[in-house]
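Asker: What follows is the residue order along each chain.
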Amino acid sequence: MESILVLRNLVKDYAGHRVLNDVSLQIARGGFFSLVGPSGCGKTTTLRLIAGFEQPTAGEVLLNGCCVNHRRPYDRNVSTVFQSYALFPHLTVRGNVEFGLKRRRKPDVLARARKALELVRLSGKENRYPAELSGGERQRVALARSLVLEPDVLLLDEPLAALDPGLRKQMRLELKAMQREVGITFLLVTHDQDEALSMSDRMAVMNNGHIEQVGTPEETYLSPRTPFVANFLGSVNWMDGIGVRPENTRVSYEPRDGCSRRAMVTSCVFLGNCVHVVARLETGEEAVAEIARGNGTFRPGDTVHIWWNPADELSFS
Amino acid sequence: MSRLRPWFLAPAWAWWAVLFAAPLLIVAAYSLLTRGAYGGLSRPWTFENYVRVADPLYLAILGRSIVMALAATALCVLLGFPLALFISRSGRRKNLYLQLVLLPFWTSFLVRLYAWLFLLRDTGLVNTFLRSAGLIREPLPLLYNNGAVLLGLVYGYLPFLVLPVYATLERMDPALVEAAADLGAGPWASLFRVVLPLAAPGIGAGAALVFIPCLGAYLTPDLLGGGRTVMIGNLVQNQFTTARDWPFGSAVSVALMAIVIALLALLWRKAKNPL
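Residue numbers (our numbering), protein chains in the order written: chain A, 1 to 317; chain B, 1 to 275.
If you're looking for bench data, these hints aren't it; they were derived computationally from the structure. Don't take each hint at face value.
[Said to hold, decoys possible] To be clear about the criterion: a stretch of chain B counts as covered by chain A if any three or more of its residues have a C-beta under 8 Å from a C-beta of chain A, and this derived list gives those stretches: (1) 78–90; (2) 242–249.
[To be verified] Partial selection, computed: residues in chain B whose CB lies under 10 Å from chain A: (3) Val111; (4) Ala115; (5) Asp173; (6) Ala175; (7) Val177.
Idealized CB from N, CA, C, for every residue including glycine.
My request is simple: use the sequences and hints to build the entire structure.
Answerer: Shown next, in the form of structure tokens:
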């Protein structure tokens, strides 16, 4: 598939400190792409370079094959949904949605704004001011305001971070469905690995200003290329340098051939849908085995064997 | 706690009563008395002073004062808004620039007005420089006219506009300006469609802070206007000093206050209900 957005060897320095180091990416047209990483990893800086709020120290941003480094934000056909939403408080919902249409002199302002508000299910609230809306509604206004411009790429900067947890999970599904419906390329920046895994077609894991791995959620979760990616996307039990995810870690009273370690149960944590058995190995390392509720009862102090299928070992190239 | 509340508020009430309410009541009472034979006050109680305020001579002074104060306020907005915007976007230099705006307050206003006299008079710095540079033969009439008074008013009250406007700009989410650019607004569209409307409350507060003291100013027109540009403040001052007509001076003061309050009330209603 052709790439709508290409980042070529992007470097960004702030006051002598390198926050982005040689970031290259290709993002396919019409997909849902996520940049995920811990705070300070450079993901938001990358987004701001694409939006044009900052200039790269070196490297290129190519949109539709054209270098846009020297184009101001208002001359780039991308649009941002800000973490704070940045709705104009002096304009109504309709005024916010029409703002970009008017500045970009698009025809059929009224019809387009109405359609965008229908898409985000805000019809009937056109004349409200942002202060009169709930958090979820404000976020949908921010989405409508950007989507109505039909940007080449929609940039979303932690769009769910300000919502309460219940709404956040629901909005994951809605965002994904909305992206499918409008067919616009979404580029999501998040620190939440679950968001990235559940919504993305492809994702890039960032750390310390560079990209550690790019791939589908399955690829990055199941075959992480570095220990950082493995740790960031989920829990890992590290045993003699071998990494195994808790859901692939088994526990039994009898020893197994091959991949088996003697251990002592230190605690059992009931989590509703499963049980976490925490055990200390003879090496002093701690391992967590995630087991189904009915699979035996283990008590603290029990001597057990921790084992796993060699195919489930995480290996790094 | 609630029984102690009146006691905690007592000092503030006392302050207000002694230093604010009492002088106002005294002025209001004076304005209803008659001038004594040798100045001072005497009875009977009368509205005569207020009738005199409506005299065309005094109404002209009042009109001139309002025009001067409005012009000074407009100039302060035109100069002060860009300055406040510049300071609010100056990063680490913000505090330095704010200190510079406030620096004139470190000396007395009177001294600073005399400094302007030295700059603007016929043998002052500006005229001397222009003459020695061969640009003019006769000194320019820079002093003792409306322009000089306006200059003095704008100079004196500009910080009162800059500070509240700066405060509103500083509180504004910087993402709003980015959002405007992101949605296709160039620098001017962003300024007129987003920054100015959001700074409007600060501009309104600053304009009121400039307009009110400008309307009652007497030192600036006295020194820089040279008695030719009489504003209402000078009229009040004259009545209390040279003319020794305290009742009439009080009546003019009360009338001025009433006008200011009426204008502010109008502005307030307009701000609450912009359409």
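Asker: Please check whether the stretch 242–249 of chain B has three or more residues whose CB lies within less than 8 Å of a CB on chain A.
Answerer: Our answer is that it is violated, as 0 residues pass the Cβ test (under 8 Å) against chain A, missing three.
Asker: Quick check on the hint: Val111 (chain B) CB to chain A CB, less than 10 Å?
Answerer: Violated - the Cβ of Val111 (chain B) stays beyond 10 Å from chain A, reaching only about 43 Å at its closest.
Asker: Is the hint on Ala115 (chain B) kept, meaning its closest Cβ partner in chain A is under 10 Å away?
Answerer: Because about 41 Å separates Ala115 (chain B) from the closest Cβ in chain A, which is outside the 10 Å limit, the hint is violated.
Asker: For the stretch 78–90 of chain B, count the residues whose Cβ lies under 8 Å from any Cβ of chain A; is that count three or more?
Answerer: violated (count 0)
Asker: Holds or violated: the hint that Val177 (chain B) contacts chain A, with Cβ atoms closer than 10 Å.
Answerer: holds, 9 Å
Asker: Should the interface hint for Ala175 (chain B) be scored as holding, given a Cβ-Cβ cut-off of 10 Å against chain A?
Answerer: holds, 4 Å
Asker: Mind checking the CB of Asp173 (chain B) against every CB in chain A and telling me if the closest is under 10 Å?
Answerer: Because about 6 Å separates Asp173 (chain B) from the closest Cβ in chain A, which is inside the 10 Å limit, the hint holds.
When held up to the earlier numbered hints, the structure conflicts with 1, 2, 3, 4 and fits the remainder.
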